[in-house]
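Quick mapping for you: the protein sequence lines, in order, are chains A and B.
So that you can map any letter, position 243 of the first sequence is 249 in this note's numbering, and since no number is skipped, the others follow by simple counting.
So that you can map any letter, position 57 of the second sequence is 65 in this note's numbering, and since no number is skipped, the others follow by simple counting.
The hints are simulated quantities; they were obtained by calculation from the structure and are not laboratory data.
Bear in mind the structure is a predicted one, so any value in this text is a computation, not a measurement.
One or more hints might be untrue.
Distance ranges between label pairs, derived from CB positions [claimed, not checked]: (1) A/226 - B/108: 26 to 32 Å; (2) A/17 - B/117: 57 to 63 Å; (3) B/54 - A/200: 37 to 43 Å.
Beta carbons are placed, not taken as given, at the ideal position from N, Cα and C, and that holds for glycine.
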Amino acid sequence: MGLVLPTLAKARAPLASAAAQRRVLDDVPVPRSFGEALADAGLFPLTTRPVEILQLNLGKRCNQTCAHCHVDAGPDRSEVMPRDVLEASLAFLEHSGIPTLDVTGGAPELHPDFRELVIRATGLGRRVLHRCNLTAVLLPNYADIPALLAAHAVEVVASLPYFQARETDRQRGAGVFEESLEALRRLNGLGYGRGRGLVLNLVTNPVGTFLPGAQRSLEARWKQQMQTRYGIVFDRLFTITNMPISRFLDFLERHGRTEEYLQRLVSAFNPAAAAGVMCRTTLSVGWDGTLYDCDFNQMLELPVSGSGPRTIFDARREALEGRVITTGPHCFGCTAGAGSSCTGAIA
Amino acid sequence: MSDSLPQAGPVNVPGYYHHHDLGRFGEIGRGAPALAEKFFDYYAAVFAEGALSAREKSLIALAVAHSVQCPYCIDAYSKDALEKGSNLDEMTEAVHVAAAIRGGASLVHGVQMLNHVDELGM
Chain A
7 MGLVLPTLAK ARAPLASAAA QRRVLDDVPV PRSFGEALAD AGLFPLTTRP VEILQLNLGK
67 RCNQTCAHCH VDAGPDRSEV MPRDVLEASL AFLEHSGIPT LDVTGGAPEL HPDFRELVIR
127 ATGLGRRVLH RCNLTAVLLP NYADIPALLA AHAVEVVASL PYFQARETDR QRGAGVFEES
187 LEALRRLNGL GYGRGRGLVL NLVTNPVGTF LPGAQRSLEA RWKQQMQTRY GIVFDRLFTI
247 TNMPISRFLD FLERHGRTEE YLQRLVSAFN PAAAAGVMCR TTLSVGWDGT LYDCDFNQML
307 ELPVSGSGPR TIFDARREAL EGRVITTGPH CFGCTAGAGS SCTGAIA
Chain B
9 MSDSLPQAGP VNVPGYYHHH DLGRFGEIGR GAPALAEKFF DYYAAVFAEG ALSAREKSLI
69 ALAVAHSVQC PYCIDAYSKD ALEKGSNLDE MTEAVHVAAA IRGGASLVHG VQMLNHVDEL
129 GM
């Protein structure tokens, strides 16, 4: 893999601060606020439904520094979920009965207890999703990860912005595309993506300041392209919108495109997507155990609202249901067009 | 971002071709609204998935945009082609199709020239 860039945190960039990011977003002139858009759609205030997915962010360590990363993850980040938070999360998963565990980061497999987490969560009978950057599993100390995932039937959700090197490498780093293909071949070799119970889904996001296309038609084309060009198969393609947070916000600011991009998201507001946003059924746990409505709120340091539980240590499922979701201008990213979620388009 | 499109050739006219005017296209319905409605309904129907995919239609539109040299259309369909999942190679080939047809249209008139040369010559 080529040169890995410093994170905003390492570079001490102004937008390394979540508060600074919130200020930038709040200062963008838009025709209507997210709350007003929700109200116009009869959805204000946006509230949660029963939790279906527990999403754990294991930390900000990653072997890549993708240009659009909303986490500002990278090799120079030291935030890693401590053992007590991991134990509390597993206990909550067990007692709450939440059916799905979604493991994200950073590169989650770089967490020292990732293997144990996979074994114990699947041992509880939970569906486990692993958000994989594909290149981390090629690192010398992590080459066993794909076989572990296969042995426990963990669903792999792998990031690949485009089916060509030029676009992918521009966003994720030089050489990432070829390494991603190698990882996908290994996963295919283990039976992933072949319709035999080992699920391999790809995630594409635009390499630029435009919205993703229609998921279904893109999926058909991607399947054909990945198969004929590289002999790689997969199950589903998810389209995800770039969120104006952290490094993508920094990109927008450096190029003077923040207002244009946010207004594009606002003009594409889709009430059907808003009604189905994933934060309504997801509970997001930060590396330090703080509870959030979603991973994006986590990065903007906007914790769950209300007087209920604030950390995984005092989380109770029933006390978290029906809470009002914390929203802001960034939420237009999940409601634009066909919508965007960790499992792709919504509407 | 610059407020106006490249200042060269036919677009070098003060007050014309501001990129934000593209977003005001719908205002054309301030006059003759029934015609605008028919046009925009037709436009939407043309670009819907059909015997050609929406992505293929977007590439055709990009090529035509270059052929008619419409700055608004080039803006719109550069973005639209990317959003439909096309890549730079495909988009550039589409523009070359426009260039080939435009260039070919000039060149094929050379046959007219040849006819005249044959008529006038000895």
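Here's how the hints hold up against the structure:
Roughly 29 Å separates the CB atoms of residue 226 of chain A and residue 108 of chain B, a value that falls within the hinted 26 to 32 Å. A hinted range of 57 to 63 Å holds for the C-beta pair residue 17 of chain A and residue 117 of chain B, which are about 58 Å apart. The beta-carbon spacing between residue 54 of chain B and residue 200 of chain A, approximately 39 Å, falls within the hinted interval of 37 to 43 Å.
Hint compliance for this structure: no hint is broken.
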